[in-house]
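Please build the complete structure, drawing on both the sequences and the hints.
Going line by line, the protein sequences match chains A and B. Residue numbering for the first sequence follows our numbering, starting at 1 and increasing by one per position. Residue numbering for the second sequence follows our numbering, starting at 438 and increasing by one per position.
Misleading hints may appear alongside valid ones.
Simulated restraints on C-beta separations [as the list claims (entries may be wrong)]:
#1 B/I466 x A/S8: 47 to 55 angstroms
#2 A/F16 x B/T624: 21 to 29 angstroms
#3 B/D584 x A/F385: 30 to 38 angstroms
#4 A/G261 x B/D584: 55 to 63 angstroms
#5 A/I24 x B/G630: 27 to 35 angstroms
FYI, nobody ran anything at the bench for these hints, they're computed from the structure. None of these values were measured; they are calculated from a predicted model. Where a beta carbon is used, it is the ideal one built from N, C-alpha and C, also for glycine.
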Amino acid sequence: MSLAIKGSSRPALTLFVFIIIAIIVGSLITTLDYFWVMLIPNLFLLALTVTFLTAYFEMGKPRHLQKLEKYPSLTVLIPCYNSLGTIKECLSTAKASDYPGEMEIVVIDDGSTDGSREWLKGQKGITVMLKEKNAGKAAALNSAIPGATGTVVACVDSDTYLEKGTLKHAVEKLMENKNFGAVTCFIKVANPDNLLRKIQQIEYYTGFGFAAMVTSFMDAIFVTPGPTTVFRKDALVKIGMYDEKNITEDLEIAWRLRKFGYRIAYSVNSIVHTEVPGNMKDLLRQRLRWYRGKLFNLRKYSDMMFNPKYGNFGVFVFPFSFSAELAGLVLTFSFGFILSKQIIWLFRLLNSYWYLNSFTLDMSGFVVVGTSAIVMGLILVLPWFFAVYISHAIAKKKATLTDIPSIFLFLIFYGTFISFVYSLSFFKEVNRSDYRW
Amino acid sequence: MVNGNGISRGTYLKAGIATFLLFAVSLSIGYWLETQEYSQLESRISALNDQSETSFLMMFFLSSAQNTSSMCGVLRAELNESEAEAYSLYLALESEGGASVIRNYEELRRSYFLANTRYYLLLRQYIDTCDDPLPQPILFFYYANLDCPECIAQGKVLDQVRYECPNAYVFAFPADADLKMVDVFTTYYGIEGAPSLVLGETAYNGLTTKEEIKAKIGCG
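Here's what the structure looks like:
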């Protein structure tokens, strides 16, 4: 969505923070060497992965969901803004759901200008709410939640496609425990048609498959993902529905549900397929929003950090999830130092060769680390590789030889990109730059 | 004890131990790999030191011998062989030492430096004793602990000089090593940094081209 919230630029503070971090990381590098400086934050992430793997092996197979005697009424809310290309399939898959109870579908057009409104007006069997002005997804949902006839509300993005049993399984899970305020789904990539999307597919398998399953077991689910989450309507109303001024309303509402004492469950059989960015520019924009939203909400919910009142979420998942941000910062700065140092080094070497009139392709001396460091790094990557393997198994996706490049890129280089985006988000947040959807 | 959330404290403990073990295993393997390389270099440097002792004894014998001509030939061959090994050790020491993340190569550098110094002095003594003006010692001062791509470029040029000039004997010394003898050399020759060369008795600070070096040592 093309909304923006005006920020308040603080370039002097941002520069100051940048310099301080650069000095800290630079001093560490000078004292400890690159390898150790880059290893330390990775150890935090390793500990997180190993804990998830340990929990995974302790939890056993997920239980089969009990069919309900009576399925509660369900309202599917689909906010739509300029989604003509995807809303048709989204709606058609929602309509094809085999939900056994009463089900209504409400599409809220949030001021589209691409012809979605006109198309929606002609659709039968759904309720269409037309908003004159684009006010954002949270506002669109909030305008529809009070009037929803269902006691259960499924919020579905207009670029997300449901499977037949998605809603049925999610509601079965939701009804398992009266304290469940929401149930999250297994989100998969709908269009893995290029390398970047294939890499994101692996990320979604690990994040919304493996990690979601484990954090659900720990009762510490981190987010109620935007593509599809099923809520109890009374829970949504009680907590005051979505925060319309929040750029990651799906993250914020999950943390607020916890604040109000609700639990969040996960249904691995509730599979949805969502469109993901196909180029770096769109991916960067999406991730900047996600990670800035996370940092923004950290300020709002800082009291949950290390708070045993919130169980494993408060004492482990919440604080450890920010180790990724910290690792991202340290890794980005270290990488920046290495890169600039090696560029200067190369320039000086070439300059010397030019002066000596003696060129050679031998680049010995350019290598930053040796075999031992590479072997150590590869050993430490093993748990991540294993997590990726398990994630594929959870997704019932057999990895083939053609998946090797994307898995390799995901394990080795994607983290570097994400680290960079974390750092950028951090500085944009320090700067209080404008928020964009 | 399950803390009500499906995961026990034992899970965290197990995960902590597993993380520690994994880290310990990777560290051990890294240490083992570096120790292998370190040990190989250590034994080569030790052999070089032993050889230098032998060469010194030979020189000592030579200085008191009547007929020096046959011994000079033997000593020259010995010096040729040792200089080649010493130079190859310099290359290995710098590439492996630079890439090492666990082992400290300072001790090896010192040991290597002493052997190299001995050979340099032997060569000088050989030139005087055997009255052989052909061998041309080249002292090459580089930075081992500081980034010095210029030193690498100068080293490549010296590789070529050694290949093209059989009379060139290159002795590489880390100018930033904390060794008294390095201070003696740098003070005596007026070395101001690295890379620097000493050709004959003259110091050349900064980069020196192959043509300049060859001209100074009378090669080609």
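Need the list of violated hint numbers for this structure, in ascending order. Hint 2 alone not satisfied by this model.
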